[in-house]
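Residue numbers (our numbering), protein chains in the order written: chain A, 1 to 327; chain B, 1001 to 1203; chain C, 2001 to 2644.
Hints were generated in silico from the structure; no laboratory data involved. Worth double-checking, as some hints may not be accurate.
Okay, derived cross-link-like pairs now, DSBU-like style, lysine-lysine, Cα gap no bigger than 30 Å in a straight line [unchecked claim]:
no.: 1; chain 1: A; residue 1: Lys-291; chain 2: C; residue 2: Lys-2194
no.: 2; chain 1: A; residue 1: Lys-105; chain 2: C; residue 2: Lys-2194
no.: 3; chain 1: C; residue 1: Lys-2252; chain 2: C; residue 2: Lys-2208
no.: 4; chain 1: A; residue 1: Lys-24; chain 2: B; residue 2: Lys-1094
no.: 5; chain 1: C; residue 1: Lys-2238; chain 2: A; residue 2: Lys-260
no.: 6; chain 1: B; residue 1: Lys-1031; chain 2: A; residue 2: Lys-20
no.: 7; chain 1: B; residue 1: Lys-1032; chain 2: C; residue 2: Lys-2238
no.: 8; chain 1: A; residue 1: Lys-13; chain 2: A; residue 2: Lys-80
no.: 9; chain 1: C; residue 1: Lys-2597; chain 2: B; residue 2: Lys-1010
no.: 10; chain 1: A; residue 1: Lys-13; chain 2: B; residue 2: Lys-1048
no.: 11; chain 1: B; residue 1: Lys-1138; chain 2: B; residue 2: Lys-1176
no.: 12; chain 1: A; residue 1: Lys-13; chain 2: C; residue 2: Lys-2238
no.: 13; chain 1: A; residue 1: Lys-179; chain 2: C; residue 2: Lys-2238
no.: 14; chain 1: B; residue 1: Lys-1094; chain 2: C; residue 2: Lys-2019
no.: 15; chain 1: B; residue 1: Lys-1048; chain 2: A; residue 2: Lys-18
no.: 16; chain 1: A; residue 1: Lys-252; chain 2: C; residue 2: Lys-2290
no.: 17; chain 1: A; residue 1: Lys-260; chain 2: C; residue 2: Lys-2293
no.: 18; chain 1: B; residue 1: Lys-1032; chain 2: A; residue 2: Lys-13
no.: 19; chain 1: A; residue 1: Lys-22; chain 2: B; residue 2: Lys-1031
no.: 20; chain 1: A; residue 1: Lys-24; chain 2: A; residue 2: Lys-13
no.: 21; chain 1: C; residue 1: Lys-2194; chain 2: C; residue 2: Lys-2293
no.: 22; chain 1: A; residue 1: Lys-80; chain 2: A; residue 2: Lys-22
no.: 23; chain 1: C; residue 1: Lys-2558; chain 2: C; residue 2: Lys-2194
no.: 24; chain 1: C; residue 1: Lys-2177; chain 2: B; residue 2: Lys-1010
no.: 25; chain 1: A; residue 1: Lys-105; chain 2: A; residue 2: Lys-53
no.: 26; chain 1: A; residue 1: Lys-22; chain 2: B; residue 2: Lys-1048
no.: 27; chain 1: B; residue 1: Lys-1172; chain 2: C; residue 2: Lys-2019
Partial list, derived from the structure: chain A residues whose beta carbon lies under 8 Å from chain C [stated by the list, open to error]:
no.: 28; residue: Val-32
no.: 29; residue: Lys-80
no.: 30; residue: Asp-81
no.: 31; residue: Glu-83
no.: 32; residue: Thr-84
no.: 33; residue: Asn-192
no.: 34; residue: Ala-230
no.: 35; residue: Glu-272
Beta carbons are placed, not taken as given, at the ideal position from N, Cα and C, and that holds for glycine.
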Amino acid sequence: MHGVLKVKTSEEKARELKAKEKIKIDEYRSLVNAYTEHRKLNEFNDNSLLVTKKVLEINPEYYTVWNFRRDTINHFATVKDNETMQTLYTSEMKFIEECIQRYTKSYWVWYHRKWISQRIDKCDWDRELKLCSKLLDLDLRNCKLYILNSKESQRQSIAKVHCWGYRRFVGERSNIALKKEFDYTTVKIEQNFSNYSAWHQRSALLPKMYTEPTELFDCLVQEFELVRNAAFTEPKDQSTWIYHKWLVGTIKTIPNCNYKEVLEGEIVAINELLEIEPDCKWPIYTLLTLKMELGNSTKEELQSLLNNLKSIDSDHIKYYESLETQI
Amino acid sequence: MATKKKVLLKVIILGDTGVGKTSLMNQYVNKKFSNQYKATIGADFLTKELMVDDRVVTMQIWDTAGQERFQSLGVAFYRGADCCVLVYDVNVAKTFENLDSWRDEFLIQAGPRDPDNFPFVVLGNKIDLENQRVVSQKRAASWCQSKGNIPYFETSAKEAINVEQAFQTIAKNAIKLEDGLVFPIPPGIQVQPEQTQTKSSCC
Amino acid sequence: MDEELNHVIDESRANYLDKDNYDVIVVGTGFVESLVAGALARVGKSVLHLDQNCYYGVNCSSFTLNQLSDMLTKPNDDSTTASVVQPILKNPYIYYQQPPTPPTPAQLPTQVEQPTPVEQPVATEQQTTTTTTNVEESTTLDTNDTSVESTTTTTTATITPVVEKEKEKETVKDVFKVGRQFIIDLFPSLLYAKGALVQLLISSSTSKYLEFKTLDKNYLYANGKLHAIPSTKGSIFKDNTFSLKEKRYIMKFIESVRSIVGDNSSTEENNTEEQEKQQQTGETLESVTKKYKNFVEFVKSYQMSSNVETFILYGICLIHPRSVEQVTVEEGILSVLLYMTSLLVYGESPFLIPYYGYGDIPQAFCRLCAVFGGTFVLDRTIGSINFNENQYTGITCSAGQPLTSKYLIASPSVLSPYIEAANLQPQYTKEQYSRCILITDKVIVNSSECSYITIPPNSIAGNKSTINVYQMENICVARGYVLIHFTTLSNGATARDDLEAVVETFAKKGCLYRDIDADSNSDAKDSRPNIIWSGYFNMDLNTSIVNNKSPLSELMPKGIFVSSDSPISASIDYQSQINEAKSIFSMIVPGVPFLEKVPDSEDIIWNSEEEQSATTNETTTTTTTANTDNSNLTESNNNDDKQE
């Protein structure tokens, strides 16, 4: 009754798959052989570019191939005119773009992009930023609220770090408006605030954007508000609390400002949070550091917070013990 | 790169039962022909990639799956068609006379935004049975002309006569429609198993 | 083939089927019937599928505006005819605004400044005759194309060319000109990205016949305002309607639902061990089901604000029977979970919308059936059912041809005489729905093409049941128009009674016209939508009571199975209809897998010429993967060329 379609058996399929794979492996081997040949002879020519490209398309982690490719390009730069080289660089950027989209987490690919982009006469930094944005958006689909396969998320976060790193590199070289970049981090944080890189980027931008102390102060107050929203939404997210720590550390350094009032406000908010989430490590820890900072709490109050931390986070008991000596 | 943008075209084949719709598709895509007539059980759609003016075009050719027999093709079949191929059998007058109603049926069901310029192609099939022919080339050609110069091909799925040329024209006209849209219709999402999804997203 | 020609010549039997014996005859191409028909053909059963209408889908169809208008003006009342032809649109009522005689350009600004121009129109001299009597002038059973034209042409005759151009798309006459471009679902619906139906479409390979769009925004109407429903962590974080504490409660509730269902995939980066410690008291679905009598009680046990409770009960849990108390703990929890798992699958919203209307979904399964040899005849139904003793033997179809089959599957409306004879009414539930279909010139919810709005009971004019509002633009709608569906369970009142006040609130007063993020006052008035056409109707839908088996079918004569005719249920997902199809399927072919995946074409062994037999084997979807690889290679080669 079920015989409407004849289907290949799994062995047949496996055999076909194996045959296909073998062809691919053979192809790769012969490419690698060709590359080794070129390298042995220090042959820097069009063909060495072609061969390395083909190898890297399959295996971008083969970093010596990237090195040899750069050697070749360096050699070309000594013998060819700039116009020719610029065309080469442009097509090289295109090639890396394809690689990056497939292998976002490969360090070598990103390194190569930096290397080439510095050689281009008029690198389109705007376009580079857009590329970063596009790649960082790709991981949005993988950052589902609760469904996170930890391996996948690790892979993603490595890719993210590379991409944000490149973004900073681009930012330094182009005269992109700080505000624009700042707004971009806001967008990324709104998408998913468990994002160390975005918060970090923010902390790097803010002091540059607001050199006037009162301006910086006002801005930091707003940042506290933002972080409070993140903390209430997900109090277990470490990246928010690390940014909070940076905010506390920065606001203190602003001369002639009433930072203590702001920190008192934070204490009130965290206490509210702890009413709902009494056993959450990060808010307790932050509360402790805030109280220590302000120095108007009794030793008993601090000790009780520390005891709480020691019981819910026994992994870091040594650290908490060291804090005990400071109170 | 921009000129090489991939295009997916949906082409549907209409016409009376038995005029050779499935055979034409099969001849074009699989280069196969079976003389034995059977209702088109199991025919769904065939996909073929081809080049049209320097562009890679994926053409999806949709069979009626036998639902044309009792005029029971649902409106879903017509959705998003880029070109409609009307087929008749040059040896059966009725199949030619019915082209009018197939064309009307298409325009009503598919409701193209610009019905006057929607690309049709007419195929007079089974010309290999020449001595039985009842519809003359002239008659067919003049019908096509009266309907806004529809391209007309005389084909034989069996002998592979004109099949390649006909489908090349079909693709070309279908792509013209896509290009000509002032407000291109945003593409829909196709739901797929997850693996395929991620695969396509990272490449 | 000659034989076939002979058939054509014999006029009286011209429409006869060549084959008069089938394994299964299915009557009605509604959702459940189409699923069963596809599944049976898929496993090699010979299927004849009939439908009394000349279109597919029965209650699960989509229509053009012209078709819908015709159906409402020529109502098909079930009391008058013996054989019931579904769908039946009861209490039809059509309303459209008479195009006002245009004010002279100088008067235009004055009109705009009026606070409620529609309710209390500015009685300029030219306007008195038309606009003040808007509601009274509306036509009830009179909107076919010609009559519309005659009523409108007289009033538009004095229009100056300039204004006419502006007003062009705002008249009924004009919307009917593009009426074919509308795809109007009798019952619009949303599909959860991870819901049962989408999963089935994928697993049965029918998804290749369909295209979708993701919903743009999902709203809850509460306290006289629209609230975008934040659902991802990011959107809760960003939301500015909930307080900090409320945000925490929502997150906490969602976390706890996940832990109750035992969904372990939830671990966020870095806090696995904390999460474990933090988990509530190790509740399970079983334990909470015992502990609380319904979902409302369960939600209330979290002691959240009433804001958050409404948000969960109506915005995230989307099962809305007559009373929220009817939602069981399990149903509610699973609905919340389904919502969460469907997020960010195809887009930020958890929902997919069929690109060309819901009516294409049964047709996808019908096509699957046809591809596997099923025969389809529309515009033909049962003339009579034939029995031998109490054993079903076949039917005589409406074309007069006697046909035999082992099984007959049809919906309650088709089998109603038999159901009545066997006194089976208690075996299915009949629900009445009120619907309004509204066409406006502008969106009611700003900045989102396709939006879904849930209006909890007692929100607008004392609405008794939850109302769903569904706004569409760009898909299923002619350019320049907006299509809005209103759906609610009816308590016996007409659709007009149930919905008119709501429609007015939305469209006429424009008071719901605001975006959460936008400051509404200033520009809202200019962009208040006008009603161009609206149609109201009620529908009665029968759902057979299914719990893994269909008791209704067991009580029918042997060989006859009854399907539900409802395309929707209290839940917006389709699990119950799919279960029903499965249960009918497995009563006919016990132990056989339901709607298995159609193998990839590359895995199918093609018969060589000589092997070809009457069985199918020509299922042909040639693979494109190989070709794609090739084209990639060519592309990269070209790049190389440029480089050198």
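Each hint tested on the structure:
no., hint, result
1, A:Lys-291 - C:Lys-2194, "violated (47 Å)"
2, A:Lys-105 - C:Lys-2194, "holds (29 Å)"
3, C:Lys-2252 - C:Lys-2208, "violated (39 Å)"
4, A:Lys-24 - B:Lys-1094, "violated (54 Å)"
5, C:Lys-2238 - A:Lys-260, "holds (27 Å)"
6, B:Lys-1031 - A:Lys-20, "holds (24 Å)"
7, B:Lys-1032 - C:Lys-2238, "violated (59 Å)"
8, A:Lys-13 - A:Lys-80, "violated (51 Å)"
9, C:Lys-2597 - B:Lys-1010, "holds (23 Å)"
10, A:Lys-13 - B:Lys-1048, "holds (23 Å)"
11, B:Lys-1138 - B:Lys-1176, "holds (27 Å)"
12, A:Lys-13 - C:Lys-2238, "violated (49 Å)"
13, A:Lys-179 - C:Lys-2238, "holds (20 Å)"
14, B:Lys-1094 - C:Lys-2019, "holds (23 Å)"
15, B:Lys-1048 - A:Lys-18, "holds (26 Å)"
16, A:Lys-252 - C:Lys-2290, "violated (54 Å)"
17, A:Lys-260 - C:Lys-2293, "violated (50 Å)"
18, B:Lys-1032 - A:Lys-13, "holds (24 Å)"
19, A:Lys-22 - B:Lys-1031, "holds (29 Å)"
20, A:Lys-24 - A:Lys-13, "holds (17 Å)"
21, C:Lys-2194 - C:Lys-2293, "holds (28 Å)"
22, A:Lys-80 - A:Lys-22, "violated (40 Å)"
23, C:Lys-2558 - C:Lys-2194, "violated (37 Å)"
24, C:Lys-2177 - B:Lys-1010, "holds (26 Å)"
25, A:Lys-105 - A:Lys-53, "holds (18 Å)"
26, A:Lys-22 - B:Lys-1048, "holds (27 Å)"
27, B:Lys-1172 - C:Lys-2019, "violated (41 Å)"
28, Val-32, "violated (18 Å)"
29, Lys-80, "violated (12 Å)"
30, Asp-81, "violated (16 Å)"
31, Glu-83, "violated (14 Å)"
32, Thr-84, "violated (11 Å)"
33, Asn-192, "holds (5 Å)"
34, Ala-230, "holds (6 Å)"
35, Glu-272, "holds (7 Å)"
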